[in-house]
Amino acid sequence: MSLKMKAFKKSIWVYHIACSPCNNCDIEILDLLTPRFDVERFGILLVGSPRHADALLVTGMVNRLTKPRLIEVYLQTPKPRVVFAFGSCGISTGIFAGGYNTEGPIDKVIHEVDPEGIVVYVPGCPPKPEAMIDAIVKALKAL
Amino acid sequence: MIIFNYLVFPGFLFAIIIGLLTVWYDRKITARVQWRVGPPWYQGFADILKLFAKETFIPATAKRTGFVLAPFIGFSTALLVAAMLGVAGLYPKMSFTGDIIVLWYLLMIPSIAIIFGSSASGNPISQVGSSREMKLFMSYELPFVIILFSIAAKAHSLSIGGIIEYQRANGANLWSLSGIIGFVVAIISTQAKLGLVPFDIPEAEGELASGIMLEYSGSLLAIFKLMKALLLYTLPLFLITVFLGGMNLQGFGILWFIIEYLLIVFIISLIRNTNPRLRIDQAMNLFWAILTPLAILSGILSYVGL
Chain Z
2 MSLKMKAFKK SIWVYHIACS PCNNCDIEIL DLLTPRFDVE RFGILLVGSP
52 RHADALLVTG MVNRLTKPRL IEVYLQTPKP RVVFAFGSCG ISTGIFAGGY
102 NTEGPIDKVI HEVDPEGIVV YVPGCPPKPE AMIDAIVKAL KAL
Chain C
6 MIIFNYLVFP GFLFAIIIGL LTVWYDRKIT ARVQWRVGPP WYQGFADILK
56 LFAKETFIPA TAKRTGFVLA PFIGFSTALL VAAMLGVAGL YPKMSFTGDI
106 IVLWYLLMIP SIAIIFGSSA SGNPISQVGS SREMKLFMSY ELPFVIILFS
156 IAAKAHSLSI GGIIEYQRAN GANLWSLSGI IGFVVAIIST QAKLGLVPFD
206 IPEAEGELAS GIMLEYSGSL LAIFKLMKAL LLYTLPLFLI TVFLGGMNLQ
256 GFGILWFIIE YLLIVFIISL IRNTNPRLRI DQAMNLFWAI LTPLAILSGI
306 LSYVGL
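Heads up: the protein sequence lines correspond to chains Z and C, in order.
For my numbering, add 1 to where a residue sits in the first sequence, where the first one is 1.
For my numbering, add 5 to where a residue sits in the second sequence, where the first one is 1.
Because the hints were derived from the structure by calculation, they are not lab data.
Predicted, not measured: the structure shown is a model, and the values here were computed from it.
Just so it is clear, CB atoms sit at the ideal spot from N, CA and C, and this is done for glycine as well.
Please note that the accuracy of each hint is not assured.
[Claimed, not checked] Here chain Z is said to cover these stretches of chain C; the calculated rule only asks that three of the stretch's residues, wherever they fall, bring their Cβ under 8 Å from a Cβ of chain Z:
1. 38-48
2. 161-168
3. 184-193
[Said to hold, decoys possible] Cross-link-like lysine-lysine pairs, in silico, DSS-like; alpha carbons within 25 Å at most:
4. Lys7/Z with Lys233/C
5. Lys33/C with Lys10/Z
6. Lys98/C with Lys10/Z
7. Lys233/C with Lys11/Z
[Claimed, not checked] Example chain C residues on the side facing chain Z (calculated, C-beta under 8 Å, incomplete):
8. Asp52
9. Leu54
10. Ala58
11. Ala177
12. Glu210
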């Protein structure tokens, strides 16, 4: 493993995209930054601009309004990049399956523009913070 | 020998390593204040290495030359200031008359590079950030330069070496009434120069989405981060040189120097962790209406001899 890859795994900067979620997942994401879980131990930081990000946390079900925006933000994130699909709505459209404005799960939307894109599923409604840390570890192993 | 001094110790390489370690120290203090564990010691190095490995975007609306040039201008000036201060602290005899003015000008250039780069990026939010940076820059330079000149007048010397030798002969500038007032003003100006929390108005993550740095990515962002790390090393060193008698590397002097350095960064970090962000008009008010009269008072007191 090269030095650059090692550095990458020790410093994941995260940008949070809310694709019209119910805010449940977002509150659980904030838990990760609190003293109990403290993901800054692993170098994970929340940043304010997708240009600085290595990973995108996408919450909520992608609908017709948010799809073009999600794709735009995804394409603005510099490579190498990872997408985390959070919660039941993100990974499978959840209770909105078959709705009139449902544009499909996050991995389908991302793979439309970038078939190589890495999408990590984090199931749960909302996912537990332990599940999120587990997902991050699995994503880093897959890189 | 002098080339070794400029390139390795206490010049370029030393400044970069200590700067990145200081970034970690600052983040660790932040974490401890919030009862967290905080990042490991190599965090600063990992961040920079990772950013160099990433793709670099240049937005279609940006003015290419200015956008790419700005980080390099800021970084190289910060590097030069760090090396000059280090060498002048090591050999006070070698500094030339007027180098404190040169340093003062060079310390301004990183802020100007940020203004330059963010207004070249073609992003409206970035431009709001750059206009705020410009206003902040105009407000903190005034008290800072008054303090600097009152100290130069006290030491009867316009060189860093002269100021250090005056303090070695007569005791550090900090241990007098004028020195204490001057130190408080200078540390608040330093906070604004570094762009840390009460004065992170141009970066304002909540409202401007990291404003001035918004469009930078990959290696250009890494160079800006390195510049900030270097400033985090340089400005406390500058305060030590001007107020605490510079670095004295004989015997217990080196220990004393390390303690002073860590203490000043600790104060800066505590200010950053215990204060909310000011509005730009409040910041200007603070610098022009409160700190500038204090700086003038400190100058008068030092002229009287207190």
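Going down the list of hints, with the structure as the test:
Counting residues of the segment 38-48 of chain C whose C-beta lies closer than 8 Å to any C-beta of chain Z gives 9; at least three are required, and the coverage claim holds. By the rule of at least three residues with a Cβ nearer than 8 Å to a Cβ of chain Z, the coverage given for the segment 161-168 of chain C is violated, with 0 such residues. For the segment 184-193 of chain C, the stated coverage by chain Z is not satisfied: 0 residues place a CB nearer than 8 Å to a CB of that chain, which falls below the threshold of 3. Taken as a hint, the Lys7/Z and Lys233/C pair is honoured in the structure, with Cα atoms around 23 Å apart against an allowance of 25 Å.
For the given pair, Lys33/C sits about 19 Å from Lys10/Z by alpha-carbon distance, which is consistent with the 25 Å threshold. Of the pairs offered as hints, the one joining Lys98/C and Lys10/Z is violated, with about 47 Å between alpha carbons and a cut-off of 25 Å exceeded. A distance of roughly 20 Å separates the Cα atoms of Lys233/C and Lys11/Z; the hinted pair therefore holds under the 25 Å criterion. Interface restraint check for Asp52/C: the shortest CB-CB distance to chain Z comes to about 5 Å, inside 8 Å, so the restraint holds.
Annotation: Leu54/C was flagged as interfacial toward chain Z, and the flag holds, the nearest CB pair being 4 Å apart, inside 8 Å. A cut of 8 Å between beta carbons decides the hint on Ala58/C: the least distance to chain Z is about 4 Å, and the hint holds. For Ala177/C, the shortest C-beta to C-beta distance to chain Z is roughly 37 Å, which exceeds 8 Å, and the interface hint is violated. The interface hint given for Glu210/C is met, as the beta carbon of that residue sits about 4 Å from the closest beta carbon of chain Z, less than 8 Å.
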